[in-house]
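K.L.:
Dock chain B against chain A, hints included.
Going line by line, the protein sequences match chains A and B. Sequence positions in the first sequence follow my numbering and run 1 to 300. Sequence positions in the second sequence follow my numbering and run 1001 to 1300.
Careful, some of the hints might be misleading.
Stated by the list, open to error - Label-pair restraints from in silico Cβ distances:
1) B:Lys1189 <-> A:Arg276: 49 to 55 Å
2) A:Gly64 <-> B:Glu1282: 55 to 61 Å
3) A:Ala283 <-> B:Ile1096: 42 to 48 Å
4) A:Ala283 <-> B:Lys1139: 55 to 61 Å
What the hints assert, rightly or not - Listed next, the in silico SDA-like pairs over lysine to any residue satisfying Cα-Cα at most 20 Å (straight line):
5) B:Lys1185 <-> B:Arg1196
6) A:Lys185 <-> B:Pro1222
7) B:Lys1185 <-> A:Asp87
8) A:Lys185 <-> B:Ala1159
9) B:Lys1185 <-> A:Glu224
10) A:Lys185 <-> B:Ala1272
11) B:Lys1189 <-> A:Glu225
12) A:Lys185 <-> B:Glu1214
13) B:Lys1107 <-> B:Ala1124
14) B:Lys1185 <-> A:Ser18
15) A:Lys185 <-> B:Pro1229
16) B:Lys1185 <-> A:Asn89
17) A:Lys189 <-> B:Pro1222
18) A:Lys189 <-> B:Leu1223
19) A:Lys185 <-> B:Arg1292
20) A:Lys189 <-> B:Val1226
21) A:Lys185 <-> B:Ala1124
22) A:Lys185 <-> B:Glu1224
23) A:Lys189 <-> B:Ala1086
24) B:Lys1185 <-> A:Leu88
25) B:Lys1185 <-> A:Ala86
26) A:Lys189 <-> B:Glu1224
27) B:Lys1185 <-> B:Glu1214
28) A:Lys139 <-> A:Ile108
29) A:Lys185 <-> B:Leu1088
30) B:Lys1189 <-> A:Asp87
31) A:Lys15 <-> A:Asn90
32) B:Lys1185 <-> A:Asn182
33) B:Lys1015 <-> A:Asn182
34) B:Lys1185 <-> A:Glu85
35) A:Lys185 <-> B:Leu1227
36) A:Lys185 <-> B:Thr1178
37) B:Lys1185 <-> A:Glu225
38) A:Lys130 <-> A:Ile108
39) A:Lys189 <-> B:Glu1225
40) B:Lys1130 <-> B:Ala1159
Everything labelled a hint here was simulated from the structure, so no lab data went into it. Small disclaimer: the values here were computed from a predicted structure and weren't measured. Even for Gly, the Cβ is constructed at its ideal location relative to N, Cα and C.
There are 2 protein chains.
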Amino acid sequence: MPVLVVGSVALDHVKTQSEEHRDLLGGSASFASYAASFYAPVRMVGVIGPDFPEPYRALLSRRGIDLAGLEVTDGQTFRWSGEYEADLNNRRTLSIALNVFEHFSPKIPAAYRETDYVLLANIAPSLQAKVLDQIARPKFVVADTMDLWIEIARQDLIALLGRIDLLILNDSEARLLTGEANAFKAGRKILAQGPRFVVVKKGEHGAILMSESETYVIPAYPLEEVLDPTGAGDCFAGALIGYCAQKDDATFATLREAVFHATLVASFNVEAFSLRRLESLEAAHLDTRATRFREVAGLR
Amino acid sequence: MPVLVVGSVALDHVKTQSEEHRDLLGGSASFASYAASFYAPVRMVGVIGPDFPEPYRALLSRRGIDLAGLEVTDGQTFRWSGEYEADLNNRRTLSIALNVFEHFSPKIPAAYRETDYVLLANIAPSLQAKVLDQIARPKFVVADTMDLWIEIARQDLIALLGRIDLLILNDSEARLLTGEANAFKAGRKILAQGPRFVVVKKGEHGAILMSESETYVIPAYPLEEVLDPTGAGDCFAGALIGYCAQKDDATFATLREAVFHATLVASFNVEAFSLRRLESLEAAHLDTRATRFREVAGLR
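This is chain A alone, in the form it adopts within the complex (with noise of 0.2 Å):
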């Protein structure tokens, strides 16, 4: 089954202590979209510039990508700069250029309203609304989020909260948004607000999915050297609604399995810039590393 992926397109600056690039393929779409690629046939909505380097263009389209809903306005495209710490998990933005963006108001092509995998990747919780009206009764929707919308945009993200199936945050965000500690009992006031499904991502230390009545946590894939983790919550939304697509099923036993591809995408992407090692990845890589995840894991 084909996803529907709606988030941004960006061209990123990244800083680490060891390298710096500049004009680098992101933004939550491009992430998502091209993780979600790997299990299923991908519908990618954004927007973009004139200025948009037509390599990244290809690079999706090679993925076999529907690009139809990459809008083009007048405009330069919407860029991120951010810089990381030595210990990569504490990120600084240095400057944000919403350019195209600002007015963005995502329009699904006709062909796609009648997809049944959303991920509302992050974009402002209004714009993940404004898809959700568009779109004919889903199977199963996916609103990743930031801690930047938790704080400017709270009642919006609760609102949406009541018309999705699933929400992925970190633990600092689903502290920020519940005010608990706890993962699991921040999990827990989440699904009170309306989503069946709630997955807490905890970066380097794995991620746990709860329904009410089922949890089900896995550790992170075990990593020595981590270049850049731009996207990779991204990557690990998009991994998981393309699982569920390619399995036509959101049961919590399918979800399960859908976090351990995530994971394992995820675990992929932090080891390069932008989308670079996903670029080379093949299905044969995504299998023994999940071969190995399972062994070092003792996963069943």
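P.N.:
Just chain B now, kept in the frame of chain A:
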């Protein structure tokens, strides 16, 4: 096979945001011995003053812990006082009174000197070394440590690393000891200094077991309520070596299972102050939670 546990015995004063308790049974040897006793016969070595409450001695004896090595000397029992923030990961030591512990030099009873499984629970590395001086060719030596010793007795600790089989420490301590923010890299640096195995504990995020050629990662058991984390690390170490002694084996495969059981026992310990939760713990409770843990973490 029996386990020899050497460490501190204390009377604790613990404050959390919701409760405060004085004169609790505490100390690394108390927690570790009690946890180990669920898996193997335990021989405990430590020091107390005549003020040590008889009910605490009885508590340890009831689990069959051999207290022939629990020395009583003139003076007061070691006292520790600490306070937890709302986030239970953050603890402040309010006061320490070493008392009889100040001049403690562990004396291993003759009958204990051929114990094959030895846990050097958290005490000064120089004292841990003195224990090893008195033991004839143990099969498996585990040492626990803490940030304090890394800061004030680093050379003693590094010297000890060449004499033990497994070092247990938490992630912030591993970083402090090695300068590596990545837990796997830190673990590898520790292995290069002597021990065949290292366990990096991550509290609510689980634990990592490493040898030079193998890695095992496990999440923590999901808990929504944590009352008092004091002694969780000691219980982890005690259950780990207890399990190895029960199997009379310390291969990587057995250590994986040992880490699973260590995680399990620690998860009970944090549910109440001092050893109160373990006091009422029965084998059936451990079995039930083990089954549930395997289920929620998808473990084999």
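K.L.:
Look at each hint and say if it fits the structure.
P.N.:
Outcome of the hint check:
At roughly 28 Å, the beta-carbon separation of Lys1189 of chain B and Arg276 of chain A lies outside the given 49 to 55 Å, and the hint is violated. A hinted range of 55 to 61 Å holds for the C-beta pair Gly64 of chain A and Glu1282 of chain B, which are about 57 Å apart. The hinted window of 42 to 48 Å between Ala283 of chain A and Ile1096 of chain B is violated, with their beta carbons roughly 57 Å apart. Checked against the given bound of 55 to 61 Å, the beta carbons of Ala283 of chain A and Lys1139 of chain B, roughly 45 Å apart, lie outside it.
Simply put, Lys1185 of chain B and Arg1196 of chain B have alpha-carbon atoms about 15 Å apart, close enough for the 20 Å limit, and the pair holds. Our distance criterion of 20 Å between C-alpha atoms is met by Lys185 of chain A and Pro1222 of chain B, whose separation comes to about 10 Å. Restraint check for Lys1185 of chain B and Asp87 of chain A: satisfied, since their Cα atoms lie roughly 13 Å apart, inside the 20 Å limit. With a C-alpha separation of about 43 Å, the suggested pairing of Lys185 of chain A with Ala1159 of chain B is violated against the 20 Å cut-off.
Distance hint between Lys1185 of chain B and Glu224 of chain A is fulfilled; the C-alpha atoms sit about 6 Å from each other, no more than 20 Å. For the hint pairing Lys185 of chain A with Ala1272 of chain B, the CA-to-CA distance comes to about 18 Å; that is within 20 Å, so the pair holds. The straight-line distance between the Cα atoms of Lys1189 of chain B and Glu225 of chain A is roughly 14 Å, inside the 20 Å bound, and the hint therefore holds. The suggested pairing of Lys185 of chain A with Glu1214 of chain B is violated, with an alpha-carbon distance near 34 Å, which exceeds 20 Å.
As the CA atoms of Lys1107 of chain B and Ala1124 of chain B are separated by approximately 15 Å, the hinted pair is consistent with the 20 Å bound. A hinted pair counts as satisfied when its Cα atoms are at most 20 Å apart, and Lys1185 of chain B with Ser18 of chain A qualifies at roughly 17 Å. Between Lys185 of chain A and Pro1229 of chain B the alpha-carbon distance is near 17 Å, which keeps this suggested pair within the 20 Å criterion. A C-alpha spacing of about 16 Å is found between Lys1185 of chain B and Asn89 of chain A, which places the hinted pair at or below 20 Å, so the restraint holds.
For the given pair, Lys189 of chain A sits about 16 Å from Pro1222 of chain B by alpha-carbon distance, which is consistent with the 20 Å threshold. At roughly 15 Å between alpha-carbon atoms, Lys189 of chain A and Leu1223 of chain B fall within 20 Å of each other, so this suggested pair holds. For the hint pairing Lys185 of chain A with Arg1292 of chain B, the CA-to-CA distance comes to about 18 Å; that is within 20 Å, so the pair holds. With a C-alpha separation of about 17 Å, the suggested pairing of Lys189 of chain A with Val1226 of chain B holds against the 20 Å cut-off.
In summary, the hint linking Lys185 of chain A to Ala1124 of chain B is not supported, as the alpha carbons are separated by about 38 Å, beyond the 20 Å threshold. Distance check on the hinted pair: Lys185 of chain A and Glu1224 of chain B sit about 6 Å apart at the alpha-carbon level, within 20 Å; holds. In summary, the hint linking Lys189 of chain A to Ala1086 of chain B is supported, as the alpha carbons are separated by about 18 Å, within the 20 Å threshold. A hinted pair counts as satisfied when its Cα atoms are at most 20 Å apart, and Lys1185 of chain B with Leu88 of chain A qualifies at roughly 14 Å.
With a C-alpha separation of about 14 Å, the suggested pairing of Lys1185 of chain B with Ala86 of chain A holds against the 20 Å cut-off. Taking the CA atoms of Lys189 of chain A and Glu1224 of chain B, the gap is near 12 Å; set against the 20 Å cutoff, the hint holds. Restraint check for Lys1185 of chain B and Glu1214 of chain B: the C-alpha separation of about 13 Å stays at or below 20 Å, so the hint holds. In summary, the hint linking Lys139 of chain A to Ile108 of chain A is supported, as the alpha carbons are separated by about 17 Å, within the 20 Å threshold.
Annotation: proposed proximity of Lys185 of chain A to Leu1088 of chain B holds, straight-line Cα distance about 14 Å (limit 20 Å). A distance of roughly 18 Å separates the Cα atoms of Lys1189 of chain B and Asp87 of chain A; the hinted pair therefore holds under the 20 Å criterion. Note on Lys15 of chain A and Asn90 of chain A: the hinted pairing holds, with a Cα-Cα distance of about 12 Å set against a maximum of 20 Å. Simply put, Lys1185 of chain B and Asn182 of chain A have alpha-carbon atoms about 28 Å apart, too far for the 20 Å limit, and the pair is violated.
For the proposed pair Lys1015 of chain B and Asn182 of chain A, the alpha carbon gap of about 19 Å is at most 20 Å, so the pair holds. At roughly 17 Å between alpha-carbon atoms, Lys1185 of chain B and Glu85 of chain A fall within 20 Å of each other, so this suggested pair holds. This hinted pair checks out: Lys185 of chain A and Leu1227 of chain B have alpha carbons roughly 14 Å apart, not beyond 20 Å. Distance restraint check for Lys185 of chain A and Thr1178 of chain B: the Cα-Cα separation of roughly 34 Å exceeds the 20 Å cut-off, and the hinted pair is therefore not satisfied.
For the hint linking Lys1185 of chain B to Glu225 of chain A, the alpha-carbon distance of about 8 Å falls within 20 Å, and the restraint holds. For the proposed pair Lys130 of chain A and Ile108 of chain A, the alpha carbon gap of about 10 Å is at most 20 Å, so the pair holds. Taken as a hint, the Lys189 of chain A and Glu1225 of chain B pair is honoured in the structure, with Cα atoms around 14 Å apart against an allowance of 20 Å. A distance of roughly 12 Å separates the Cα atoms of Lys1130 of chain B and Ala1159 of chain B; the hinted pair therefore holds under the 20 Å criterion.
This entry does not satisfy hints 1, 3, 4, 8, 12, 21, 32 and 36, going by the numbered hints stated previously.
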